[in-house]
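Assemble the whole structure, with the sequences as input and the hints as a guide.
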Amino acid sequence: MAHPRPVELQINGEAFALRLEPRVTLLDALREHAGLTGTKKGCDQGQCGACTVHVDGERVLACLTLAVQVEGREVTTIEGLAAADGTLDRVQRAFIEEDAFQCGYCTPGQIMSAVACIREGHAGSDDEIREFMAGNLCRCGAYPNIVAAVRRAAEEAA
Amino acid sequence: MIDFDYARASSLEEAATRSRLPGAMLLAGGTTLIDLAKCDVVRPELVIDITRLPGLRDIAVEGDRIRIGALATMSRVAADPGLRAEAPAVTQSLLLAASAQLRAMATIGGNLLQRTRCSYFRDPAAYPACNKRAPGSGCSAIGGVARGHAVLGGSDACIAVYPGDLAVALTALGASVVTTDREIAIEAFFLAPGDTPERETILTPGEIITGVSIPRGPVARSSTYLKVRDRQSYEFASASAAVGIELDGSTIRDIRIALGGIATVPWRAQAVEEALRGRALDETTIRTASRLAVEGAVAHGGNAYKIELGARVVARAILTAGGLQ
Amino acid sequence: MSALERRAKQGDASDGASPLGRPLSRADGPDKVQGRATYALEQPVAGVLHCVLVQSTVGAGRVVSIDRNAAEASPGVRLVLDAGNSLRLRPVSDFYGNKPEGETYTPFAEVVEHNGELVAAVVADTLEEARAAARLVTITYEDAAVIASFADARAGEGRPVEAQDKGWGDVDAALAAAPVVISQTYETPREYNTPIEPHGLVAHWEADDRLTVYEPSQWVDGMAQHFADWFGLAFENVRIVSPFIGGGFGSKGQPLPHSAVAAIAAKMLGRPVKLAVTRPQTFTAYGGRPGTRQTLTLGADRDGRILALDHEGANETAATKTFVETLGVVTSMMYAVPNLRSRHRIVPVNTVTPGAFRAPGKNPSAFGLECAMDELAEALAMDPLELRRLNEPDHDFENGKPWSSRRLLQAYDVGAQAFGWARRNRTPRSMRDGRQLIGWGMAVGTHPVYSSPAEAMVRILADGSVEVLSSAIDMGTGTYTILAQTAADALGVPAERVTVRLGDSRLPRAPVAGGSQLANLMVGAVHKTALAARDELIALGLGDPASPLRDRANTLSVEGGRVMTPRGEAVGIAELLAATGRSVIEVKRDTLPEGERSDEERRKFFTTMAGMERGANLPVSRHSFCAHFIEVRVDEDFGTVRVSRVVSALDAGRLYNPKLADSQFKGGIVMGIGMALLEEGVVDPRNGRILNANLADYRIATNADVPAIETISVGEPDYAATPLGGKAVGELAIVGVAPAIANAVYHATGKRIRRLPITLESLV
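For the record, the sequence lines run as chains F, H and P. FYI, the numbering for the first sequence is 1 to 158, going by our numbering. FYI, the numbering for the second sequence is 159 to 483, going by our numbering. FYI, the numbering for the third sequence is 484 to 1247, going by our numbering.
Think of the hints as simulated: they come from the structure by calculation, not from any bench. We treat Cβ as the ideally placed atom computed from N, Cα and C, and that holds for glycine. There could be a bad hint or two in this list.
[Claimed, not checked] Derived Cβ-Cβ restraints for the label pairs, each shown as a range:
#1 F:R119 x P:P977: 36 to 46 Å
#2 F:G86 x P:K1071: 33 to 43 Å
#3 P:G639 x F:G35: 38 to 48 Å
#4 F:R73 x P:T621: 36 to 46 Å
#5 F:A157 x H:L482: 31 to 41 Å
#6 F:R119 x P:R637: 51 to 61 Å
#7 F:R119 x H:R357: 39 to 49 Å
[To be verified] One side only, chain F facing chain H, incomplete, derived with CB under 7 Å:
#8 G35
#9 L64
#10 V68
#11 E131
Set out below in structure tokens:
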């Protein structure tokens, strides 16, 4: 039926020419085809947030997005967050400072979500951060530190 | 997921035409379709991506209606200040749904068409019997664990709950669904399961939702959406209620109520509305009347609590909308 | 209070200058925040095929036939595997001593004993092809009757586990004479570890007899031995690589049937195979905590002194495999109980074999005991904290030994003070805020201290930097960081100059990261090794003819990466090595018992649980302790419970890194909140299927479910417990959270909920 077809993705400012079946999700395209394994697969069904990436600046779940759907759109993953010279984003720094993770597996999704959360203006209070970060599960239970990190980064951004 | 072909529609007409092909399905935000394709509940052969269609994204307050394009995302609509002022229940229903990521993906049209979370429906490998998936095959929920299932609007064929929040708010506010062919009052849009649980809406093949239209007015402006769930966030409703109210001093001039999380479709509570129109806004009155919301409810497999909970959620939503708390 | 401000209170024995005990940020942090930490399925192995599992859809019955044809004909498929065509392995005992029957072993079920059991697998060129083909495998079963859980009357009472019997005094007489007696039954449901990284592995045969496995592992040496035994290989010929683990909580301690599948497929196809267990499949690929129930009878005098405790516990186990959730472990050591009896039973049902899940035994044990204590306090009209103070034991009544340290009374004082417990009105339903009923509850937790032997290697490199090498792992527990701190501390170099390499079975050996033992035992082993390396460095400085410090002093010290005489003359480590022509100082040490260091004994210590039992020989009883004070708000209409405030005071001895230990404490509390209010495996009584085998329906706490949490360390260095003074950290804080919440719910509502989770329908 549907054979692999050329799919060109813009990821972190770089063009990736891939050959993908239409059913390949953005998450599997990143991890299995583009060599970008920073985006994590925790549930593959939209229930954990570990695969959060930005598409045209908005946070979305890569596991429920077809790769072919985002042709022509700008995809940003955790690998593309730090500056070109390696300087970490303020959210990345805040996560380290506040110890906002343990095992680290949900962390890329948390950070991508946090960057968007701040940009959306949803980091105004601890309760607002908790609600707008609720789509990223953390089984290590780093939530209090995640809230502190988002607050810290949001204050720096203000 | 089975193998499927993919096409990007460049016009509504093209999307409508292609969607009539066997095995064709429309793809918008993908949060239902891709999920269910992975569960093997839907097996599309052709996926028609409508996310690049021009228009269909606007949110406009014009005349006596608020119009929202079908392809506007939940997050964009939730952030719209005009809508928040005109119909706060709609804004709240969106913000209390899913997660920020899912809201950034999911569209208003797709949201209305989200499918039930019934565990048996979602697990075809272990539960071949599901009248919604395979008409005539039976219902695995009836006689099984059904804590999350519907107590209202069910039939012998299906007790799967309608999972959404937005449609509940729209039902309370008397909104309509606009399609390529017509405008449909939302209460007529959703179909209770009856003997044909596989038919969830009155959409016909090739008919595509283009938007929703909400009447403006005092009821919508004084509206609220209340959602009760096990988890604080990122979860479907155990029970929810949308209430719009128009007060004349402390008298209820008009009121509109709908429930979610406890019925097979967004559930209008007309009996409660009638009992309260013209009555004083008073907690005892409201609590008594709210019990009418769950009249005729039937419990199955561990969901009896939803009957009491439904009545209480309605009461509290009315109290909130009426400014009593 | 920030971790830094709290440092002085955290039982930190350092003076602030030495690296160990400082709240350094996580050494692996920069990699983790940039997506550079490489988890198992992300290891760059070229040419992998993808394997997808097929699990049973019935709860019991014989597999009559499997039709592989359609799957085999599906595009991209290389192999469809089931018991009929799988390579047969040698049977190997699991962690808990269950050994598969028969001469040979296949990971695929021929007789299904639980729903979701592994029956077949498909290997294809791409993940999408393997997934699609897996749907096409048609399995025919001869159905058998299913006993889905021990709620099914047909499950019966099960069988006693005599090894868990314990008791002293005359319980029956004491209870008969006790003026106040309460007796209640407490239940916990099946709970699942659900690390956010699901199970999975890449199996790669580098040669016919050499296997490399990239699999998240809490114990690379134990797993290597298991694979070696399966395939009849030498231990050295299996390499397990697991530098990062996306959470385990007990679930990643040993290879599971799917692990064998990937290795079998890779062997049969001559290609590396990647196998990702899907999230729904994880619920039956590993068991998690079994359902438990326990009946406690407590008798006390009118002043509140406990006279007797009678305890009967039971847990679900698999149809033919045994797992014991030791429900009597906290019961028997927490209070001064002069007469005690504890019995345990296991009840076989059609479930996957349950397994270890954070604080196995301790956690549900404390749920029963600590709820019962609250009920006893109620019956006595006493403050529950006072009841506990009154029954504080001056030694361990179970074994008669003194405590190595037990600072629970301090935890009571400090925790109660910070929480404001003194303002509590004992009467239920006495506090509210609008339509929210407010309740305050407390409970205690504990975890034993284990410390198996370990090896470690320390290398001082030519540039003066240091490497620490160990097969120990870091699943977020902080091993990378605290071992760097330990080596830095012993060697006198800055912690940033130390690189730690972990999670590879080629490195010096370590026991399981379980029982909250790893930090203490590895810190001990690395400290010993680093001191030996330091001695060697000093010997070089004092004695090597080419040393710039030769004949300058009788002793040397190492500080700040410089080797120094007492008068302050110093050379850098790199300088000293260069001058003496050394490229590296490499030292390997271990903490094995003298006389048990043969290769065979070594292997036993690192591939079995032998090391963990050694504590039984010590003259002291070693435990960490904590006291949780929790506020809940219960909506009076909806019955929804939200935790609004947590103060926990914890005695975990010396904290090697207070910042990271604090994260573990908070993480345990967060998991405890989920356990109390959300988590429950829902079993279909008709077929034993887990109905909520996903992360939307098996609810774990979200960020929005968790309030600010205040943790206070009251520990002090306990050198009787471990060489460097630490006690158990990782599993401590979850213990006691659920009963504290249940007790708070009672205080808020006047309703005693004795079955977890506490969901709204029980309070509507």
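Tested hints:
1. F:R119 x P:P977: 36 to 46 Å: About 37 Å separates the Cβ atoms of R119 of chain F and P977 of chain P, which means 36 to 46 Å holds.
2. F:G86 x P:K1071: 33 to 43 Å: holds, 35 Å
3. P:G639 x F:G35: 38 to 48 Å: violated, 55 Å
4. F:R73 x P:T621: 36 to 46 Å: holds, 40 Å
5. F:A157 x H:L482: 31 to 41 Å: Distance hint for A157 of chain F, L482 of chain H holds at roughly 40 Å.
6. F:R119 x P:R637: 51 to 61 Å: holds, 57 Å
7. F:R119 x H:R357: 39 to 49 Å: Since R119 of chain F and R357 of chain H have Cβ atoms about 42 Å apart, the given range 39 to 49 Å holds.
8. G35: violated, 23 Å
9. L64: Nearest chain H Cβ about 5 Å off; hint holds.
10. V68: holds, 5 Å
11. E131: Interface hint status for E131 of chain F: holds (6 Å vs cutoff 7 Å).
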